[in-house]
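Peer 1: Produce the complete structure using the sequences and hints provided.
Line by line, the protein sequences give chains E and R. 1 is the number of the first residue of the first sequence in UniProt numbering; add one for each residue after it. 1 is the number of the first residue of the second sequence in UniProt numbering; add one for each residue after it.
Rather than coming from a laboratory, the hints here were simulated on the basis of the structure. The structure presented is a predicted model; accordingly, all values stated were derived computationally and were not measured. Careful, some of the hints might be misleading.
You can't tell identical chains apart in this list, so a pair holds if it fits in one copy or across any two.
[Said to hold, decoys possible] Here are the simulated EDC-like pairs of lysine to aspartate or glutamate, each with C-alpha atoms no more than 20 Å apart in a straight line:
(1) K125 with E180
(2) K22 with E94
(3) K22 with D89
(4) K80 with E37
(5) K125 with D183
(6) K125 with E66
(7) K80 with E137
(8) K22 with D120
(9) K80 with D120
There are 2 protein chains.
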Amino acid sequence: MPDSSLNALIEALRRLPGVGVKTASRMAFHLLQHDREGAQLLAQALQQASTRMRHCSLCHTFTEGEVCATCLDPQRDASKLCIVETPADQAALERTAAYRGRYFVLMGKLSPLDGIGPRDIGLAKLFERATDGAVQEVILATNFTAEGEATAHVIGEALKQRGLKVTRLARGVPAGSELEYVDLGTIAHALVDRR
Amino acid sequence: MPDSSLNALIEALRRLPGVGVKTASRMAFHLLQHDREGAQLLAQALQQASTRMRHCSLCHTFTEGEVCATCLDPQRDASKLCIVETPADQAALERTAAYRGRYFVLMGKLSPLDGIGPRDIGLAKLFERATDGAVQEVILATNFTAEGEATAHVIGEALKQRGLKVTRLARGVPAGSELEYVDLGTIAHALVDRR
Ligand SMILES: [Zn+2]
Ligand SMILES: [Zn+2]
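Peer 2: Now the structure itself:
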């Protein structure tokens, strides 16, 4: 029978999203049998991140300071504000090197069924930020899912009422795809959004 | 841009088996945004398990003491020794309540291609245990995979040479299955192993 600290580890691993009891057991076994250094590293990283990470007072992303490095960067174009759901989405946009403006990270999306409303995704802070006088264009870069589209719609309408120019990332055929293999909905959107 | 302790957390989560950079990012985001208590719990559990867990001096499974609770249990039938690959396999057998003997946990399986030989799965300790005078029957309960079968074969032959009775879990049709839907190999084995 496994001892109590092994059971405690398996239970704690189950707090990770998408990890059930079998995966948690496999993870615990791997760390204890083959990678105790990794277990120690992960323990330290969890401890440090969960105590140090706070939200940037300007863009809401995770940061260790009061304001994140992106918001502090004077090279950034303050007239553009790009709205994304998560830090991972922001990182994906940064990797393209096609955008040099500022960001607002919702840290989620509107999802009434899950009880996630405007307050949970910091909309008051977003409206304050977007109407600071410097921002001229807000680019909605939430995901192209039902919830991401609904979130973009709600935010877009509210910002247009405040007199801001609002744009949305183009929907279309992914670069490098052959039309034959692209799904119908994507082709239909690419036709509607044709330039 | 994510700060350094977020990147460190994502990197550390990638030490978990089957976790790539996208899954690690999703896990880090979930813990920091929705479950910091879970992050702290997991940090403590990793720390405690990785410093406290050692191997039972009798059966080789994980334990916090010198000898595990199962080996210490006087109610266990010392004449039977069941050999399994991992603590999870042992737990699966225990759940059946059909076995009340003792165990030896290999903490792995023979896998020459991965450089895992007899020393890595504690065969010397197993042979010592199996020939302690009390053990009369060794039950091979390694998995029914190519490597598990090879491991059972090697151990079984060595123990038979030492004069022990060696048995293997029966291969056969799973309880509740309809033959029509059972794969051919399983049916063939069930025919060979028929009682
Ligand atoms: Zn910021
Ligand atoms: Zn033991």
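Peer 1: Would you list, in rising numerical order, the hints stated earlier that this structure does not obey?
Peer 2: Per hint list: 1, 4, 5, 8, 9 violated.
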